[in-house]
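**Q** In case you want the letters, here they are:
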Amino acid sequence: MSELTLEPSSSLWKDAGHRLSRNRAAMVSVVALSLIIAACLILPAIPGLILNPDLQNLPNKNISPSAGHWFGTDHLGRDILSRVLSGGRISIAVGFITTLVSVTIGVCWGALSGYAGGKTDAFMMRIVDILYALPFLIVVILLGKTLEPLTAELTRIVVGWFSPAGSSSASINKTTAWVEPITTLVPLFIAIGALSWLTVSRIVRAQVQSVAKQEFVEAARSLGLGHFRILFRHILPNTLGPIIVYTTLTIPGIMLLEATLSFLGLGVKPPYSSWGILIDEGANRMLSNPWLLFFPTLFFATTLFALNFLGDGLRDALDPKSAKD
Amino acid sequence: MLKTLIGRFFQGILVLFVLFTVTFFLIKELPGGPFKSGEKAIPEHIRLKIEAYYGLDKPVQVQYYRALTNLLKGDPGLSLRLEGREVTEIISQAFPVSLQLGLVAMLIAISIGIPLGVIAAWKKNTLIDYSAMALAMIGICVPAFVIGPLLADQFGRRSNLLPAVGWDPTHPSSWFLPALTLGLATAAYLSRLTRAGMLEILSQDYIRTAKAKGVGSFRMLVRHSLRGGIIPAVAFIGPAFAGIISGSVVIESVFAMPGLGTHFIKSIEVGDSPVILGSVMLYGSLIIIANFLTDLLGLWLNPRLRASR
Numbered sequence: 037m038s039e040l041t042l043e044p045s046s047s048l049w050k051d052a053g054h055r056l057s058r059n060r061a062a063m064v065s066v067v068a069l070s071l072i073i074a075a076c077l078i079l080p081a082i083p084g085l086i087l088n089p090d091l092q093n094l095p096n097k098n099i100s101p102s103a104g105h106w107f108g109t110d111h112l113g114r115d116i117l118s119r120v121l122s123g124g125r126i127s128i129a130v131g132f133i134t135t136l137v138s139v140t141i142g143v144c145w146g147a148l149s150g151y152a153g154g155k156t157d158a159f160m161m162r163i164v165d166i167l168y169a170l171p172f173l174i175v176v177i178l179l180g181k182t183l184e185p186l187t188a189e190l191t192r193i194v195v196g197w198f199s200p201a202g203s204s205s206a207s208i209n210k211t212t213a214w215v216e217p218i219t220t221l222v223p224l225f226i227a228i229g230a231l232s233w234l235t236v237s238r239i240v241r242a243q244v245q246s247v248a249k250q251e252f253v254e255a256a257r258s259l260g261l262g263h264f265r266i267l268f269r270h271i272l273p274n275t276l277g278p279i280i281v282y283t284t285l286t287i288p289g290i291m292l293l294e295a296t297l298s299f300l301g302l303g304v305k306p307p308y309s310s311w312g313i314l315i316d317e318g319a320n321r322m323l324s325n326p327w328l329l330f331f332p333t334l335f336f337a338t339t340l341f342a343l344n345f346l347g348d349g350l351r352d353a354l355d356p357k358s359a360k361d
Numbered sequence: 398m399l400k401t402l403i404g405r406f407f408q409g410i411l412v413l414f415v416l417f418t419v420t421f422f423l424i425k426e427l428p429g430g431p432f433k434s435g436e437k438a439i440p441e442h443i444r445l446k447i448e449a450y451y452g453l454d455k456p457v458q459v460q461y462y463r464a465l466t467n468l469l470k471g472d473p474g475l476s477l478r479l480e481g482r483e484v485t486e487i488i489s490q491a492f493p494v495s496l497q498l499g500l501v502a503m504l505i506a507i508s509i510g511i512p513l514g515v516i517a518a519w520k521k522n523t524l525i526d527y528s529a530m531a532l533a534m535i536g537i538c539v540p541a542f543v544i545g546p547l548l549a550d551q552f553g554r555r556s557n558l559l560p561a562v563g564w565d566p567t568h569p570s571s572w573f574l575p576a577l578t579l580g581l582a583t584a585a586y587l588s589r590l591t592r593a594g595m596l597e598i599l600s601q602d603y604i605r606t607a608k609a610k611g612v613g614s615f616r617m618l619v620r621h622s623l624r625g626g627i628i629p630a631v632a633f634i635g636p637a638f639a640g641i642i643s644g645s646v647v648i649e650s651v652f653a654m655p656g657l658g659t660h661f662i663k664s665i666e667v668g669d670s671p672v673i674l675g676s677v678m679l680y681g682s683l684i685i686i687a688n689f690l691t692d693l694l695g696l697w698l699n700p701r702l703r704a705s706r
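Keeping their order, the protein sequence lines are chains A and B. Going from the first sequence to the numbering used here is simple: count from 1 and add 36. Going from the second sequence to the numbering used here is simple: count from 1 and add 397.
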């Protein structure tokens with residue numbers, strides 16, 4: 037029974053996978069993306085392999101790229117390679133987690149709106165219209181700034197979990213050191229996520245509306261399944277294609293937004309760095325030390341390029357129209 | 398038609414009201430506050446006096462009502478950061494700079510983006526198409542705060558062609574670099590949308606008919622396809638204008654320009670609520686007007702939309 041129902045959908049994905057694998061730009065993007073993500077996530081985690089990104093070594097300041105420091109050092113003698121890799125962790129985390137927040141809200145909102153129809157639908161979409169008309173960056177800046185106190189609070193709570201009352205101050209400091217980089221990002225996740233789900237919700241709503249009219253949904257309903265089950269088990273899986281495509285195209289936009297906010301001094305705060313902060317620092321010193329700008333920009337732009345090409349490739353691969361040729 | 402327009406008008410009012418309320422309460426929650434933080438600590442009794450002077454000691458609902466009525470009268474009051482200066486005065490000095498920057502940027506974006514998209518669609522799957530789209534991808538992926546300093550360095554410092562920083566309303570040469578930087582990303586999006594829209598139109602039967610009748614390629618592109626092909630790009634102009642308005646915050650900081658964005662960022666840092674409220678409402682109204690005009694333009698370009706209403 038379940039095999040029968042799965043057959044057509046798995047062949048759709050197989051077709052799409054086949055089409056995608058013939059798209060050279062998308063395939064190169066997958067490889068580049070995997071390499072960058074793997075390098076940023078794994079290399080800094082191996083002890084002793086790369087230098088501490090915050091380690092200042094003033095005698096070694098402003099070294100141009102060389103055997104000792106592949107990407108050179110900055111004005112405080114910090115190794116740029118390790119800063120690019122650990123900054124990449126933050127940028128990638130912001131991009132993926134915020135997109136997850138935003139796509140989750142958007143999918144739920146759009147699915148409920150499209151499935152409910154009628155007055156509920158009109159009301160929910162009117163809210164989307166209103167949020168669309170807000171000055172996005174301006175409200176994100178305001179919201180992020182307002183949510184900033186949340187960071188200290190969250191850090192305190194999370195550190196409290198891991199170092200219960202009575203722990204030595206050394207262990208508290210140690211916990212804070214790895215908790216804080218994550219909690220400083222939470223206001224950013226919320227602020228961007230809260231305002232960037234609008235387009236997803238519109239896409240999902242349109243998809244749900246068209247799928248909900250099909251016979252298998254009627255069959256599910258006549259079997260007496262509940263609305264929740266019909267919507268999330270039967271309708272939503274059929275709208276996955278556009279959702280995946282849009283997600284792939286949202287991540288680069290959000291990474292760019294994080295970089296812009298960090299550039300304005302409203303995103304990730306030093307000593308934690310992200311690609312946005314590194315690019316900002318590099319742009320200030322690009323005349324004397326161009327490598328400070330070059331390497332972070334190279335990583336950042338390559339990631340964005342790859343995600344965009346992959347998104348475009350996925351759109352072509354999953355588009356039923358392109359199945360004809 | 399008229400009904401849609403009136404509906405749009407009331408929706409715009411509603412949006413502005415929501416924007417006002419959200420902004421007002423976000424500002425109230427901003428950490429610090431205009432007289433609580435800062436380099437010089439203000440003694441408690443003096444701070445209370447200052448807050449009373451600006452009406453910050455009143456209950457929140459009274460402040461909300463006062464801010465709303467003040468705004469409706471067109472006078473948001475005094476800045477908390479710049480002592481003794483009216484918000485209207487600050488905005489009327491800074492806003493023309495931002496508006497001029499935004500309009501020139503939009504002009505540059507349209508005059509680069511749309512022709513690039515048309516050419517890419519016309520020369521589909523050739524080297525020209527690929528390079529145009531690669532260029533567009535660079536415009537989307539490289540942030541403005543990288544492109545800005547690079548352009549300023551290349552054209553400003555090295556070849557001394559154009560001023561590298563600053564903004565002089567009387568010298569159009571100083572507009573070019575900031576506006577180009579601001580408009581590039583929008584140009585990139587417009588070119589992609591135009592290309593997709595043109596490809597859709599160029600595959601239609603009536604274009605094949607036109608070709609069969611021997612219409613020249615320029616005439617075919619401009620007279621027969623352009624109007625239909627740029628509909629997606631035109632629909633994007635409203636949101637693009639919103640992006641440009643917000644993006645000017647970044648560009649003003651890159652090129653050290655005395656615009657509204659600069660004031661906005663500084664005001665957010667110290668919680669200068671009248672300036673924040675005033676500028677947010679101004680940004681919001683501009684975006685609503687831009688979206689409205691975009692809708693009108695879309696209706697004019699696409700007769701099918703008119704018929705269906």
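Everything labelled a hint here was simulated from the structure, so no lab data went into it. Here a beta-carbon is modelled for each residue, glycine too, at the ideal position from N, C-alpha and C. Incorrect hints may appear among the rest.
To be verified - Listed next, the in silico DSS-like pairs over lysine-lysine satisfying Cα-Cα at most 30 Å (straight line):
#, chain 1, residue 1, chain 2, residue 2
1, B, Lys-610, B, Lys-455
2, A, Lys-249, A, Lys-50
3, B, Lys-470, A, Lys-305
4, B, Lys-400, B, Lys-425
5, B, Lys-608, A, Lys-305
6, B, Lys-400, A, Lys-155
7, A, Lys-305, A, Lys-97
8, B, Lys-470, B, Lys-446
9, B, Lys-425, B, Lys-610
10, B, Lys-446, A, Lys-50
11, B, Lys-521, B, Lys-608
12, B, Lys-610, B, Lys-521
Said to hold, decoys possible - Derived coverage of chain B by chain A (criterion: at least 3 residues anywhere in the stretch with Cβ under 8 Å from a Cβ of chain A; other residues may be distant):
#, region
13, 444-453
14, 470-484
What the hints assert, rightly or not - Negatives, chain A to chain B, calculated, CB over 10 Å:
#, residue
15, Ile-73
16, Asn-96
17, Pro-171
18, Val-175
19, Thr-219
20, Pro-288
21, Leu-323
22, Leu-340
23, Phe-341
**Q** For each hint, tell me whether it holds in the structure or not.
**A** Verification of the supplied hints:
no. : hint                  : in the structure
1   : Lys-610/B / Lys-455/B : 76 Å, violated
2   : Lys-249/A / Lys-50/A  : 25 Å, holds
3   : Lys-470/B / Lys-305/A : 40 Å, violated
4   : Lys-400/B / Lys-425/B : 38 Å, violated
5   : Lys-608/B / Lys-305/A : 59 Å, violated
6   : Lys-400/B / Lys-155/A : 20 Å, holds
7   : Lys-305/A / Lys-97/A  : 22 Å, holds
8   : Lys-470/B / Lys-446/B : 26 Å, holds
9   : Lys-425/B / Lys-610/B : 67 Å, violated
10  : Lys-446/B / Lys-50/A  : 71 Å, violated
11  : Lys-521/B / Lys-608/B : 16 Å, holds
12  : Lys-610/B / Lys-521/B : 22 Å, holds
13  : 444-453               : violated (count 0)
14  : 470-484               : violated (count 0)
15  : Ile-73                : 17 Å, holds
16  : Asn-96                : 26 Å, holds
17  : Pro-171               : 4 Å, violated
18  : Val-175               : 7 Å, violated
19  : Thr-219               : 15 Å, holds
20  : Pro-288               : 7 Å, violated
21  : Leu-323               : 7 Å, violated
22  : Leu-340               : 4 Å, violated
23  : Phe-341               : 5 Å, violated
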